[in-house]
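What follows is each chain in one-letter form.
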Amino acid sequence: MTKKRNIVYPYIPNSVPEIKREMLDELGMDSVEDIYKEIPDRLRFKGKMNLPAPILSEARLQRHVEKVLSKNNNCKGYISFLGGGTWNHYVPAVCDTIGGRDEILTSYVGEAFSDHGKFQILFESSSMLGDLTGFDACNTPTYDWANAIAIVSRMASRTTGRKEILVSEVTGPERKLVNQNYCKPDINVVEIKFDYENMCLDLDDLRSKISDKTACVYFENPSYLGFIETQAEEIVKIAHEKGALVAVGVDPTSLGVLEAPGDYGADYALGELQPLGIHMSYGGGLGGFIACRDEAKFVAEYPSLLFGVLPTTRKGEYGFGQVAFERTSYGSREKGKDFIGTCSALHGMVAAVYLALMGPQGMIDLGSGIMQRVDYAKKELAKISGIKIYEGFNFKEFVVNFDDYGLLVNEINNKLLQRSIFGGIDLSEDFSVLGNSALYAITEMLTKEDIDELVNALKEIQ
Amino acid sequence: MSKAYIRKNFHEARWDEPMIYELSTRKTRGILVPEVEDEIIAEVGDVASYLPENVKRKTPLLLPEVDQKHVLAHYIHLTQETMGANVSNDLSEGTCTMKYNPRLNEALSLNNNFAELHPSQDIETVQGILEIFYKFEDIMKEISGMDKFSFQPGGGNQAVYCAASVMRAYHESRNDTKRDTIITTIFSHPCDAAAPATAGYKVITLYPDEKGVPDYEALKVAVENIGDHLAGIFMTNPEDIGIYNSNVDRFSELVHSVGGLCYYDQANANAFLGVVRAREAGFDMCHFNVHKTFGTPHGGEGPACGAFGCREFLNKFLPKPTVEFDGKKYYLDFDRPESIGKVRAYFGSSGVILRAYSWTMMHGAEGLKEVAAVSVINNNYLEKLLLSIKGCGEAYLGNGITRQEQCRYSWEELFQDTGVGTDDINKRINDYGIPWYWASHHPWVIPQPMTLEPCETYSKCDLEEYFETLKIVAEEAYTNPEIVLSAPHRSASHDIANPEDLNDPAKWALTWRAFLKKHGDQYVKVK
Numbered sequence: 001m002t003k004k005r006n007i008v009y010p011y012i013p014n015s016v017p018e019i020k021r022e023m024l025d026e027l028g029m030d031s032v033e034d035i036y037k038e039i040p041d042r043l044r045f046k047g048k049m050n051l052p053a054p055i056l057s058e059a060r061l062q063r064h065v066e067k068v069l070s071k072n073n074n075c076k077g078y079i080s081f082l083g084g085g086t087w088n089h090y091v092p093a094v095c096d097t098i099g100g101r102d103e104i105l106t107s108y109v110g111e112a113f114s115d116h117g118k119f120q121i122l123f124e125s126s127s128m129l130g131d132l133t134g135f136d137a138c139n140t141p142t143y144d145w146a147n148a149i150a151i152v153s154r155m156a157s158r159t160t161g162r163k164e165i166l167v168s169e170v171t172g173p174e175r176k177l178v179n180q181n182y183c184k185p186d187i188n189v190v191e192i193k194f195d196y197e198n199m200c201l202d203l204d205d206l207r208s209k210i211s212d213k214t215a216c217v218y219f220e221n222p223s224y225l226g227f228i229e230t231q232a233e234e235i236v237k238i239a240h241e242k243g244a245l246v247a248v249g250v251d252p253t254s255l256g257v258l259e260a261p262g263d264y265g266a267d268y269a270l271g272e273l274q275p276l277g278i279h280m281s282y283g284g285g286l287g288g289f290i291a292c293r294d295e296a297k298f299v300a301e302y303p304s305l306l307f308g309v310l311p312t313t314r315k316g317e318y319g320f321g322q323v324a325f326e327r328t329s330y331g332s333r334e335k336g337k338d339f340i341g342t343c344s345a346l347h348g349m350v351a352a353v354y355l356a357l358m359g360p361q362g363m364i365d366l367g368s369g370i371m372q373r374v375d376y377a378k379k380e381l382a383k384i385s386g387i388k389i390y391e392g393f394n395f396k397e398f399v400v401n402f403d404d405y406g407l408l409v410n411e412i413n414n415k416l417l418q419r420s421i422f423g424g425i426d427l428s429e430d431f432s433v434l435g436n437s438a439l440y441a442i443t444e445m446l447t448k449e450d451i452d453e454l455v456n457a458l459k460e461i462q
Numbered sequence: 001m002s003k004a005y006i007r008k009n010f011h012e013a014r015w016d017e018p019m020i021y022e023l024s025t026r027k028t029r030g031i032l033v034p035e036v037e038d039e040i041i042a043e044v045g046d047v048a049s050y051l052p053e054n055v056k057r058k059t060p061l062l063l064p065e066v067d068q069k070h071v072l073a074h075y076i077h078l079t080q081e082t083m084g085a086n087v088s089n090d091l092s093e094g095t096c097t098m099k100y101n102p103r104l105n106e107a108l109s110l111n112n113n114f115a116e117l118h119p120s121q122d123i124e125t126v127q128g129i130l131e132i133f134y135k136f137e138d139i140m141k142e143i144s145g146m147d148k149f150s151f152q153p154g155g156g157n158q159a160v161y162c163a164a165s166v167m168r169a170y171h172e173s174r175n176d177t178k179r180d181t182i183i184t185t186i187f188s189h190p191c192d193a194a195a196p197a198t199a200g201y202k203v204i205t206l207y208p209d210e211k212g213v214p215d216y217e218a219l220k221v222a223v224e225n226i227g228d229h230l231a232g233i234f235m236t237n238p239e240d241i242g243i244y245n246s247n248v249d250r251f252s253e254l255v256h257s258v259g260g261l262c263y264y265d266q267a268n269a270n271a272f273l274g275v276v277r278a279r280e281a282g283f284d285m286c287h288f289n290v291h292k293t294f295g296t297p298h299g300g301e302g303p304a305c306g307a308f309g310c311r312e313f314l315n316k317f318l319p320k321p322t323v324e325f326d327g328k329k330y331y332l333d334f335d336r337p338e339s340i341g342k343v344r345a346y347f348g349s350s351g352v353i354l355r356a357y358s359w360t361m362m363h364g365a366e367g368l369k370e371v372a373a374v375s376v377i378n379n380n381y382l383e384k385l386l387l388s389i390k391g392c393g394e395a396y397l398g399n400g401i402t403r404q405e406q407c408r409y410s411w412e413e414l415f416q417d418t419g420v421g422t423d424d425i426n427k428r429i430n431d432y433g434i435p436w437y438w439a440s441h442h443p444w445v446i447p448q449p450m451t452l453e454p455c456e457t458y459s460k461c462d463l464e465e466y467f468e469t470l471k472i473v474a475e476e477a478y479t480n481p482e483i484v485l486s487a488p489h490r491s492a493s494h495d496i497a498n499p500e501d502l503n504d505p506a507k508w509a510l511t512w513r514a515f516l517k518k519h520g521d522q523y524v525k526v527k
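Chains as they are written, first to last, in this note's numbering: chain A, 1 to 462; chain B, 1 to 527.
Where hints are given, some of them may not hold.
[Said to hold, decoys possible] Subject to a maximum C-alpha distance of 25 Å in a straight line, what follows is the list of computed DSS-like cross-link-like pairs (lysine-lysine):
hint: 1; chain 1: A; residue 1: K213; chain 2: A; residue 2: K297
hint: 2; chain 1: B; residue 1: K202; chain 2: A; residue 2: K163
hint: 3; chain 1: A; residue 1: K415; chain 2: B; residue 2: K329
hint: 4; chain 1: B; residue 1: K148; chain 2: A; residue 2: K46
hint: 5; chain 1: B; residue 1: K27; chain 2: B; residue 2: K3
hint: 6; chain 1: A; residue 1: K76; chain 2: B; residue 2: K329
hint: 7; chain 1: A; residue 1: K163; chain 2: B; residue 2: K178
hint: 8; chain 1: A; residue 1: K48; chain 2: B; residue 2: K527
hint: 9; chain 1: B; residue 1: K58; chain 2: A; residue 2: K237
hint: 10; chain 1: A; residue 1: K237; chain 2: B; residue 2: K56
hint: 11; chain 1: A; residue 1: K335; chain 2: B; residue 2: K178
hint: 12; chain 1: B; residue 1: K211; chain 2: B; residue 2: K390
hint: 13; chain 1: A; residue 1: K315; chain 2: B; residue 2: K527
hint: 14; chain 1: A; residue 1: K48; chain 2: B; residue 2: K135
hint: 15; chain 1: B; residue 1: K507; chain 2: A; residue 2: K315
hint: 16; chain 1: A; residue 1: K297; chain 2: B; residue 2: K148
hint: 17; chain 1: A; residue 1: K37; chain 2: B; residue 2: K211
hint: 18; chain 1: A; residue 1: K315; chain 2: B; residue 2: K178
hint: 19; chain 1: B; residue 1: K517; chain 2: B; residue 2: K507
Rather than coming from a laboratory, the hints here were simulated on the basis of the structure.
Isolated chain B (complex conformation) (with noise of 0.2 Å):
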């Protein structure tokens, strides 16, 4: 019996709020800074008036003045006209891992003895955070059977990035400088080819067989074709449409064979935890997007972290410093000659580290393989639901490969039947207390893309909740289209009228400098 409640007379707020530079009163103060004593002023005096001439500041600083009340006021009027995974059912973001928050972590980061800390330190003062920091590591390394992390990449791209930058050090080390193309797969995430390309690999891209799953005669082909220019492969298992590649030990056997390393990106892995690992898969290094599968907050999109792992071999390579324990002290060890060197300043995002430790030590191993189990379960109960809305179809329907943690949805018989595709659903929902889903990353390789990931915390009802609510939806499609097609009628704000202008250096505006020299105060609302 279904428990599931439909937020029919849902509103998101709407303040209708001005720019903060609308709401700015001339000499108002938002915060003081603190006083200089007397003493320092009677013996320096002005120092930034002494300055020469052509240094100083002459252009009026026209940021906003605002008192404090107001500013606070502006800011949560507008957190609140945005839908954050722990106040909505946000199992929407399909390969994102939209897991609740633990407001404990939150409090953890803000404690003196972690946000207060310097990262040039004595290492004496900051055995704490780097006990953290290389216990994480232990628990990574047992997760994925890796031999040793670094948590320098600031998110999953740069996770990739690090692994192109190893890649070329490898095979440089080896004065195997032929090394220069990448074989990756077009249900991986874009960084996958990207970030590898900006390393300066060509990218060879692999489409899925019949089954929508990695196609391994084509990587033959590829591999073939290729030779001994294969640095190695950059792929996801399972991929964003939730199927588990089971050949994916016969894919890096091949791309072994060659002289190629394989590099697993794990941003799916919660389905996996305790389950399959890179270690057995045959793989070379691979990377967590910590900020998914290890429950701390996406930030709006960072800070984050793509823990990145390797095997023994490679280990020379990483960024430095690696942290270090010699049984009684924990170190950063920058003597590491062979290092590519750094990929971001310092240890990389500590806050995530902390708040990912903390996540995990409450599950334990035991605790892990519930989060997999139960996300796995979710996933396989919201599609059968799904798939009985009239309209609503999968990738690779009827391949009779059971799905793990996610599916790709096509809303294409919908469309067919309707004109109404998935867009103008994602922003119909919208008005039932649903946050925006994820479509599919560019291109859409399935049409009218719809990606879910109900990860271990949502609950019966949730799942509940989002199937009627598209089940309403996809009704209304067919009955009254012009209510979907005209959505969002309840969110915070409208559609652009005009979209076609951000793509205009005329017309765009990135800044509130820029929107009045390009369109003056005709859309000003405070005047």
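Bound-form chain A, shown alone (with noise of 0.2 Å):
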């Protein structure tokens, strides 16, 4: 395999011999060499990269990469109940169809003349998500929740000019890391303290740690740990009455049910994109939105890139450009906000197509359906001795406290593991206040028999 030889690859059409020499040729050069002449020798790199043999068909490649993948054990395989952030929906086919059509799946960062379809479906994919969370403005996709939560942060504090930022402790330990990463250099973040016996936001706490400093008050909505903020509107008022904002984190799924964040006086929406169409893809289904007030005291603090629409030239037509695109780093370098680039704009799209196919109906029930199934699940799951639920209202996610079962969160899920169930995810270290206790999701793709295969398996290996 490693023998030297000309091989033409499928992928380089001027791989052949005859026409790379005639390139060549016509530049009067007899190899590569007086191209590279321009390196110094000192910095050209005298090995050879020390790499695996190319397996050069396809048919083999795809033997190989499929072989590597079976060690895998996956969510069609097995029951799963993780959650957490990235989530088990269904997909439909008609979202694989155009996420995966190589117009948009290979475009890039076209003009809207050459690229008008791509502009006009993340319009779209943002107009949805507008209607979702109850804002007129919002947002190219960002990289993830998380990534958005830093957003926000940041661009609350350069809308009010303030350096603190107070969030939830129940917001998902990942995103906060990412959030603390972003907001280090000159922003305070300051943690809210959770309510563990109502399951709700501690507004005491809020109500001691939010001053004039503070820029935006941040909690999610359900939390992290499932529960539904009840008291959504109070946060509303008591940030605003210092001149805060407040930006609520949500998932997606649950605004078929659930109020919308504009609706309740929030000046931002957020969430992660990935609930909406897209495959888990071990963590890289994600993309994040932020919504928010249609006033340029905010929009003018997006880093993003944001796709507007306007008549063109020709009667009865729409066409798209970038608003306000100076605000950019494209535009600006390092005087514009933050920085932009490349994020999750195919995730987005892939969110629109989605969302047109469920409709105002399609998100009703799928809310509605999510919750019938959990509180379900709950019930059943109360009924075994040594486990405890821990109760509120919940969305998609509940807390399962295992104190009394005799197990530790790690080692039931092991068990389950060897029945082809993936339990939910250990919150024991994160939320040790919580005991031996995990988050447990539930989605439309688990059918009672399902959740009843879970319950009659923690019934046996306790």
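Two chains, two frames, some hints: make the complex.
Okay, here's the thing in structure tokens:
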């Protein structure tokens, strides 16, 4: 395989030796070294890259990669109760079809006259996310939900001229880490306590920490632990009285049944696109969004590209363009708002397809059905001795406590694994206050039979 | 003998497509959600209706209601109004390395043993994907000479931010907290200035010397002025104009001599696989835009991956977790107390890594060198052709330096002669089926710029088609400028009538509901 020979690579048309020779002759060059001559010898890599031998044919390459992947077990073969930031939802075949179209999949940064369709899809995506969240403005996708929190922290800081962000302690642990890293240069992040009795934000703690230094209050609804925040309007009132803004992290699949943040007074809504028709792909399915009030003082602080619609020179035609482009680091380098580059546009486009398929009734059915399954699971699990459910209004996720069960969560999960079940995320480190607990997630993918299988397994392995 | 074919009768798809909202018919459904079993309903009832009134959704959800066939058709129409690299001669997007993205890798990315993996699954059940992460890291290490990689950054600019965070952590670990300034160069990507600025650094930007090469004398002055406040340098090589900086190791030596760190933005690495590496250039950190150099789709601007590499002494600061192998098993190492934390949730754009692994495995060491060689030959071939066009020049033309993987051209002469500038040409080539080209990042240091990168994907015919098309358009500029100035004529849509409205809060519309509020239904297609 490693013997030197002239290979014609199917992805490199000019690897045909005669073509290459013809081009070099045209250039008056002997070889490619006549181009690399600009690189001093001391900088040249003298060795031979020690890489695995190539697998030249697609047939063998496919076989190789599939063989490696076959060492995985996936959420179609197993019953999965994993959530926490990526969820096992149905991906409509239409989403795969559109997301896999070469025209958009392999596009990049073309302007609207060349890539009109991409602009319209992303505009529709922002529009539907605006409808879900109750806002008139929404950006093109961020890297992920965590990145959206970080960006909003910095946006709110600039809008208010303040340097402190209050964040609910029951925010996704990874999301908190990302936010801390982005805020580190000049924004102080302070955590607001969670009331673990009532499973909602501790308003007394919020009142004690909020001040005229606070740029923004951030909480998730539902929280990372799955509890629906019942005091959202009160939080908004407390924040606004101090001149602080309010950002709400949402699971967009909840907004068929839960009130839109824009309609209970929040200033920003942000969240994760992955549940909207995007495969989990081992955490690669992420994409974030930020919706906000359509006021210049908010919109002017976005670092993201913003696609807007306006009439064109031809009557009856929609045209698209970049709104307030000079804001961005593409427009103004380090003087722009933070920085922007390639993020997760394709996932925003797939989310548009998903929301268009689902429509209002689909989102209502999705949300209410998830809540029914969750409630059923909570009731059934609570019947098992040694298992306690932390009560509250849950959406997709809920906390199961195993303090009196006789096994640690990781031991339980190992036993469940032997029965082809992925148990919930172990919370015992990140939320030790909850004891020996796990975060269980249930989506529309699970049936009663699946839930019963979990219940039976937990009865048997005890 | 050229077989280049000019698409004189091209017309982009123009479906005159309404908004998805305009296709809405009440109570129509695009897809049904799985029903909840009767037994569950009998036991729990309508749970959502038991929620407190204040948390229930009261505002009507105004999503469109469209049946499945019409959703599919609508979005296929819109995809057809987009000129992706796999379906067009997209050597246009210089600095972006628009390669062919193999269909095989798309098929692999939909394999259930990848697409349906949850990132919190037990480590025993994800050994396959971790093996791919680990082995791709080995490949990256070999190509760059770096000692350790993180694939967490979701794109090149996030990798630069990651580098700025690592740089900050490194200096802090030495209690060297006064280092508040970084240096970059004007032909490096804007994120090399903007991401460190976001991380709290002051930015000094160097301009090139008379040959277009980063100015070593200017660096000396800057380093002296900044003194012990210098945190490091962020630079590309070759920069976006395709000129290799043969002094690059002197840059890194100088920055190191005053205690700064050196970051190599390898966005333009395609020409140098197996030829030069960050290590030999003396750099401490680097990143590859995996979505560019390693053949994965750009996705219309992501998902992407900025593979971040560093030398061993910076390893401890990398985002967590890292992917490790104990000789028997792959695992995730979260126990990294000096880590900068995280820049992205989970482990990175896994789909990009899977595809890039597959792409790289098909090429091997010799194949990667062939990628690089053909890229630079293609570029020089195209350059020779384009410089024969009347009105077409080049940044630092005649400086005696052979260009590498891309060139920044200039239509300044044409503009002076005819009033037709690069933006006009860009629109006109669209009428011949050539997608929008990359002019330049802002600010335009080179007047009327055009940056093209004919990487290994493009055939000799593609290069000649591109040349012939530009030649026709340049001739049109001299003989019939109006047809260029009023372009595009055959694209999916035309220019916005009043582009200044994009900067007017009273008129801009980022959502359909905002459009209706600000403009009423005067422009609505379906009434």
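Here's how the hints hold up against the structure:
1. K213(A) with K297(A): Given that 25 Å is the threshold and the Cα spacing comes to 18 Å, the pair holds.
2. K202(B) with K163(A): Holds, at roughly 19 Å.
3. K415(A) with K329(B): Holds: K415(A) and K329(B) sit about 20 Å apart, inside 25 Å.
4. K148(B) with K46(A): holds, 21 Å
5. K27(B) with K3(B): violated, 55 Å
6. K76(A) with K329(B): holds, 24 Å
7. K163(A) with K178(B): holds, 21 Å
8. K48(A) with K527(B): Violated: K48(A) and K527(B) sit about 66 Å apart, past 25 Å.
9. K58(B) with K237(A): Between K58(B) and K237(A) the Cα gap is close to 19 Å, so the pair holds against 25 Å.
10. K237(A) with K56(B): holds, 19 Å
11. K335(A) with K178(B): holds, 22 Å
12. K211(B) with K390(B): Given pair K211(B), K390(B) holds - Cα atoms ~23 Å apart, limit 25 Å.
13. K315(A) with K527(B): holds, 15 Å
14. K48(A) with K135(B): The hint holds at about 18 Å.
15. K507(B) with K315(A): Holds, at roughly 18 Å.
16. K297(A) with K148(B): violated, 42 Å
17. K37(A) with K211(B): It holds: about 17 Å lies between the C-alpha atoms, which stays within 25 Å.
18. K315(A) with K178(B): violated, 59 Å
19. K517(B) with K507(B): holds, 10 Å
Violation of the numbered hints given earlier is confined to hints 5, 8, 16, 18; the remaining hints are satisfied by the structure.
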